[in-house]
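There are 4 protein chains.
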Amino acid sequence: MSTRKEPDVVEFLSGLFEGKTTGTPIAFLIRNKDAKTSDYENIKDVFRPSHADFTYQMKYGIRDYAGGGRGSARTLLPCVVAGAIAKQILASQGIEIQSDVIQIGEERSKSFSKDEIERILSRYREEKDTVGAVVQGIVKNTPVGLGEPAFQKFHAVLAQAMMTINAAKGFEIGEGFNAAGMRGSECNDEFMFDGKQIRTKTNHSGGVQGGITNGEDIVFKVAFKPIPSVMYPQQTVDIQGNATTIEIQGRHDVCVVPRVVPMVEAMAAMVTLDFILLKKCNKI
Amino acid sequence: MSTRKEPDVVEFLSGLFEGKTTGTPIAFLIRNKDAKTSDYENIKDVFRPSHADFTYQMKYGIRDYAGGGRGSARTLLPCVVAGAIAKQILASQGIEIQSDVIQIGEERSKSFSKDEIERILSRYREEKDTVGAVVQGIVKNTPVGLGEPAFQKFHAVLAQAMMTINAAKGFEIGEGFNAAGMRGSECNDEFMFDGKQIRTKTNHSGGVQGGITNGEDIVFKVAFKPIPSVMYPQQTVDIQGNATTIEIQGRHDVCVVPRVVPMVEAMAAMVTLDFILLKKCNKI
Amino acid sequence: MSTRKEPDVVEFLSGLFEGKTTGTPIAFLIRNKDAKTSDYENIKDVFRPSHADFTYQMKYGIRDYAGGGRGSARTLLPCVVAGAIAKQILASQGIEIQSDVIQIGEERSKSFSKDEIERILSRYREEKDTVGAVVQGIVKNTPVGLGEPAFQKFHAVLAQAMMTINAAKGFEIGEGFNAAGMRGSECNDEFMFDGKQIRTKTNHSGGVQGGITNGEDIVFKVAFKPIPSVMYPQQTVDIQGNATTIEIQGRHDVCVVPRVVPMVEAMAAMVTLDFILLKKCNKI
Amino acid sequence: MSTRKEPDVVEFLSGLFEGKTTGTPIAFLIRNKDAKTSDYENIKDVFRPSHADFTYQMKYGIRDYAGGGRGSARTLLPCVVAGAIAKQILASQGIEIQSDVIQIGEERSKSFSKDEIERILSRYREEKDTVGAVVQGIVKNTPVGLGEPAFQKFHAVLAQAMMTINAAKGFEIGEGFNAAGMRGSECNDEFMFDGKQIRTKTNHSGGVQGGITNGEDIVFKVAFKPIPSVMYPQQTVDIQGNATTIEIQGRHDVCVVPRVVPMVEAMAAMVTLDFILLKKCNKI
Numbered sequence: 036m037s038t039r040k041e042p043d044v045v046e047f048l049s050g051l052f053e054g055k056t057t058g059t060p061i062a063f064l065i066r067n068k069d070a071k072t073s074d075y076e077n078i079k080d081v082f083r084p085s086h087a088d089f090t091y092q093m094k095y096g097i098r099d100y101a102g103g104g105r106g107s108a109r110t111l112l113p114c115v116v117a118g119a120i121a122k123q124i125l126a127s128q129g130i131e132i133q134s135d136v137i138q139i140g141e142e143r144s145k146s147f148s149k150d151e152i153e154r155i156l157s158r159y160r161e162e163k164d165t166v167g168a169v170v171q172g173i174v175k176n177t178p179v180g181l182g183e184p185a186f187q188k189f190h191a192v193l194a195q196a197m198m199t200i201n202a203a204k205g206f207e208i209g210e211g212f213n214a215a216g217m218r219g220s221e222c223n224d225e226f227m228f229d230g231k232q233i234r235t236k237t238n239h240s241g242g243v244q245g246g247i248t249n250g251e252d253i254v255f256k257v258a259f260k261p262i263p264s265v266m267y268p269q270q271t272v273d274i275q276g277n278a279t280t281i282e283i284q285g286r287h288d289v290c291v292v293p294r295v296v297p298m299v300e301a302m303a304a305m306v307t308l309d310f311i312l313l314k315k316c317n318k319i
Numbered sequence: 036m037s038t039r040k041e042p043d044v045v046e047f048l049s050g051l052f053e054g055k056t057t058g059t060p061i062a063f064l065i066r067n068k069d070a071k072t073s074d075y076e077n078i079k080d081v082f083r084p085s086h087a088d089f090t091y092q093m094k095y096g097i098r099d100y101a102g103g104g105r106g107s108a109r110t111l112l113p114c115v116v117a118g119a120i121a122k123q124i125l126a127s128q129g130i131e132i133q134s135d136v137i138q139i140g141e142e143r144s145k146s147f148s149k150d151e152i153e154r155i156l157s158r159y160r161e162e163k164d165t166v167g168a169v170v171q172g173i174v175k176n177t178p179v180g181l182g183e184p185a186f187q188k189f190h191a192v193l194a195q196a197m198m199t200i201n202a203a204k205g206f207e208i209g210e211g212f213n214a215a216g217m218r219g220s221e222c223n224d225e226f227m228f229d230g231k232q233i234r235t236k237t238n239h240s241g242g243v244q245g246g247i248t249n250g251e252d253i254v255f256k257v258a259f260k261p262i263p264s265v266m267y268p269q270q271t272v273d274i275q276g277n278a279t280t281i282e283i284q285g286r287h288d289v290c291v292v293p294r295v296v297p298m299v300e301a302m303a304a305m306v307t308l309d310f311i312l313l314k315k316c317n318k319i
Numbered sequence: 036m037s038t039r040k041e042p043d044v045v046e047f048l049s050g051l052f053e054g055k056t057t058g059t060p061i062a063f064l065i066r067n068k069d070a071k072t073s074d075y076e077n078i079k080d081v082f083r084p085s086h087a088d089f090t091y092q093m094k095y096g097i098r099d100y101a102g103g104g105r106g107s108a109r110t111l112l113p114c115v116v117a118g119a120i121a122k123q124i125l126a127s128q129g130i131e132i133q134s135d136v137i138q139i140g141e142e143r144s145k146s147f148s149k150d151e152i153e154r155i156l157s158r159y160r161e162e163k164d165t166v167g168a169v170v171q172g173i174v175k176n177t178p179v180g181l182g183e184p185a186f187q188k189f190h191a192v193l194a195q196a197m198m199t200i201n202a203a204k205g206f207e208i209g210e211g212f213n214a215a216g217m218r219g220s221e222c223n224d225e226f227m228f229d230g231k232q233i234r235t236k237t238n239h240s241g242g243v244q245g246g247i248t249n250g251e252d253i254v255f256k257v258a259f260k261p262i263p264s265v266m267y268p269q270q271t272v273d274i275q276g277n278a279t280t281i282e283i284q285g286r287h288d289v290c291v292v293p294r295v296v297p298m299v300e301a302m303a304a305m306v307t308l309d310f311i312l313l314k315k316c317n318k319i
Numbered sequence: 036m037s038t039r040k041e042p043d044v045v046e047f048l049s050g051l052f053e054g055k056t057t058g059t060p061i062a063f064l065i066r067n068k069d070a071k072t073s074d075y076e077n078i079k080d081v082f083r084p085s086h087a088d089f090t091y092q093m094k095y096g097i098r099d100y101a102g103g104g105r106g107s108a109r110t111l112l113p114c115v116v117a118g119a120i121a122k123q124i125l126a127s128q129g130i131e132i133q134s135d136v137i138q139i140g141e142e143r144s145k146s147f148s149k150d151e152i153e154r155i156l157s158r159y160r161e162e163k164d165t166v167g168a169v170v171q172g173i174v175k176n177t178p179v180g181l182g183e184p185a186f187q188k189f190h191a192v193l194a195q196a197m198m199t200i201n202a203a204k205g206f207e208i209g210e211g212f213n214a215a216g217m218r219g220s221e222c223n224d225e226f227m228f229d230g231k232q233i234r235t236k237t238n239h240s241g242g243v244q245g246g247i248t249n250g251e252d253i254v255f256k257v258a259f260k261p262i263p264s265v266m267y268p269q270q271t272v273d274i275q276g277n278a279t280t281i282e283i284q285g286r287h288d289v290c291v292v293p294r295v296v297p298m299v300e301a302m303a304a305m306v307t308l309d310f311i312l313l314k315k316c317n318k319i
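Chains as they are written, first to last, in the numbering used here: chain E, 36 to 319; chain A, 36 to 319; chain Y, 36 to 319; chain Z, 36 to 319.
No wet-lab data here; the hints were simulated from the structure.
One or more hints might be untrue.
For chains that are exact copies, the list does not tell them apart, and a pair is met inside one copy or across any two.
Derived lysine-lysine pairs resembling BS3-like cross-links, with alpha carbons at most 30 Å apart [to be verified]:
1) Lys163 / Lys145
2) Lys149 / Lys231
3) Lys315 / Lys68
4) Lys315 / Lys236
5) Lys318 / Lys175
Please work from the sequences and hints to get the whole structure.
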């Protein structure tokens, strides 16, 4: 789907011994074999619109322009690896993470298939334009009691984690912005006893009440802006402030989906696992 | 506007000497004079829908039911005080924070006046119902370079801070969820030189690129669900799981606005000030 | 023993409900009723030798001179309260903390009695001088496995905690500085099986190997310098750098012991409890 | 001096661009080429006295026995690299770190030369025994004001850093344990004005007062126990608790010095640099 070809080999450096984790931090290395500095020569002194070129240059007075440097979405790859490990641990607890692309540009669906996604994206690719998307994530079977009151509420930490993903511009838990248009009488989740445990009849809350999981599905959405690397000339300035135009070269994705989907799952897995460990300290 | 009367006296305990801050943590105490445990007797063993009663009870095996305990929005008050101090410091740097109520239930505006808010809320109050809202915040005149790459991006930390506010269900920076429906050609912010400095022609990004402020207004929105304390009977269960109905007593707000507005400003002020201090460590 | 009379009333502000902890932070307030600013007027612009006056003034450009401000040993009192709570929790796990004064000035003992301490100190008091001391602490019955490799070794965190106590100048675990003069053949702790568990025959290590507790007694020592408030004129400078003499007024202790002993225990209790909670996250 | 030959090649992975740091974390990799698992086969199921074998096995239920795993002093090597970078930055500020071996076993000196160290160690090597040591470190030309009151005092953080070094058993700042035997009249550092700035006449404090640097030399000592790998049979138990003897094979140092000296400097450099950055946030 992505036209970039980057065989990512993960070399584990520490933390594993005879196939098991030892408690030592698991370090691993993924070398970026695909980066060609020459691809980026023309952006060396020019700021690409809505990229991090300008802010990095201003913040640090220097920037590694090749491949977008630290602002590149490539830097998310280690999170996907870490998330894969977290997901294995969660699975051993019966916890599952599911995610769906539910919006691309103006098209919405309960869950776009890979073919549907590719069909939509190819349209934008032909127009040399890019497009935004919304991904929905669901964490299933979490125990009641994850999340800490006040400043480490489950959904607050989840929001931070999701907003660290490149191009993320919005986050919702449960009804999200929709809740602003609702009445309490519509939005409240009444309790019931299902024969085994206390449940809510509805899940407008998205599985979190008072910042703490209530055992229902944790349902959240993340909005992503269009990838800024459009394939036609844009107006910008160079490092001296001179007006210029830039035409971005190289191979670029049209949309964060489908690539970003495993990233959303990885971040959700890490946040959930962190809170599961933290919950162990809840009581002596 | 709020029908609860709580004279909040702030007693400063440390950190001030002859009218100046000393570098010692500023501790202060606000006693909650208005709480009457008797008001809450009927919720002692019953879980109010969409409150934190159930999750706190399950997490800790005990809960202080009076006044909602730690889940009460009253616990945000110290943040407002801290935010007021942060705002003074920011003001000395020329940084200003502004906020507006832009949606109450299904009504939207660029900025509702106090009278408009009260008129809308009184309608819901008469119906013994509650309603959600959206607040927009703007941080003006921030320097370029606030925010840290990767996991402490400016808007990611801001998102976490906003989602810690009671009843918050959604967060957007810049175009937010709207960006998902846009093309790169619409959403990118081209650069220009305004004679003094490099600026962007538009501000779809909401003042943040790559997680770092670019000097434009930081524009964000926070969605709040309706306050769950509706004033008519709701179905729920008690602590043993028995079905029951609850009718919430006491004095309750109809909507988080207007009370939540200073809280949004306070959180934005603290996040901004934290990053200003952090930026000092950017270079040796 | 101390000639200062300060009735310390602890008012609990949060975290307790009907006699039990709720999981909410336990906040408490101890008002300093004994401070008289007038007692400290003569040190307002003059730096007391080996006090924190000079460093605070230079660091912050302002200092609260009354009672020594934040540099006062009074600020340790809340730690003693927190430590008392920690000790209750540890006791419920069978863990006990014991401490002994083992050196005052040049006199050493396995454990000075209160009378002995008072007898020695009164001698220094008469001479208007002060004196240093060493306190030994022992944490008994800790589980094997407390402490984290690398940067959070049990004894490293304990060292930091002890060195935060006012006037602390040295820390030892097990043989401490004595170990530098030993051979491996003398200092190694050989293992044995005592019928129930693996133990060491000796405890030169002081209960910690590789930064992790091994189940033996955790034995450590903390050295304290003489209290700098000697009661005769000392040469110093004022805030402008002018040479002057200072004669410290007010009521001052002669030695950190016996006051510091509960502080040593409190810090040991908090460090131990922190690691017990952390150990819960050791395995999923 | 060490009989182990391990050519340590440092490969920098990130954070440098065209010879300059970019603000991105500086990651580097040092592969341990010298480890032979076969050297450690005989300790696979047996606990070496005063090593971390037992505590790691008990804490994690698994251990990487080859080369001592995470408990190996080899793990300190990255700190030496990081410290070397910190020292360059400190040097640009005029700050210098010096260290001396001042005690090996029962012999003391103001500063042992390399030849003297080797001569002493060869004696212990012949006897197949090991020995402890004391290293003194001095940080020169630090600004006044490094260190934070209460829990992040300069010397408390320095103590923690030093106690994380393998085999460290004691830490002193200034007079250290010696201060316990002193009177205030001996131990206080009186102030004077040297024509340019306020200084102390003596430096019993070791450059820190109230946890904050006063501009004098920061003088500290670290005591190390003998390396536990003595070269003759020791009594111990195996993983089932059976009594056995162990004779440690492989190549082992006789003493932590001289290897540990750069480690002491590295840790001091990192602590000092951290506080220099932190001090920038002291005032707005």
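* Quick one: which hint numbers does this structure break? Sort them smallest to largest. => The structure breaks hints 2 and 3; every other hint is satisfied.
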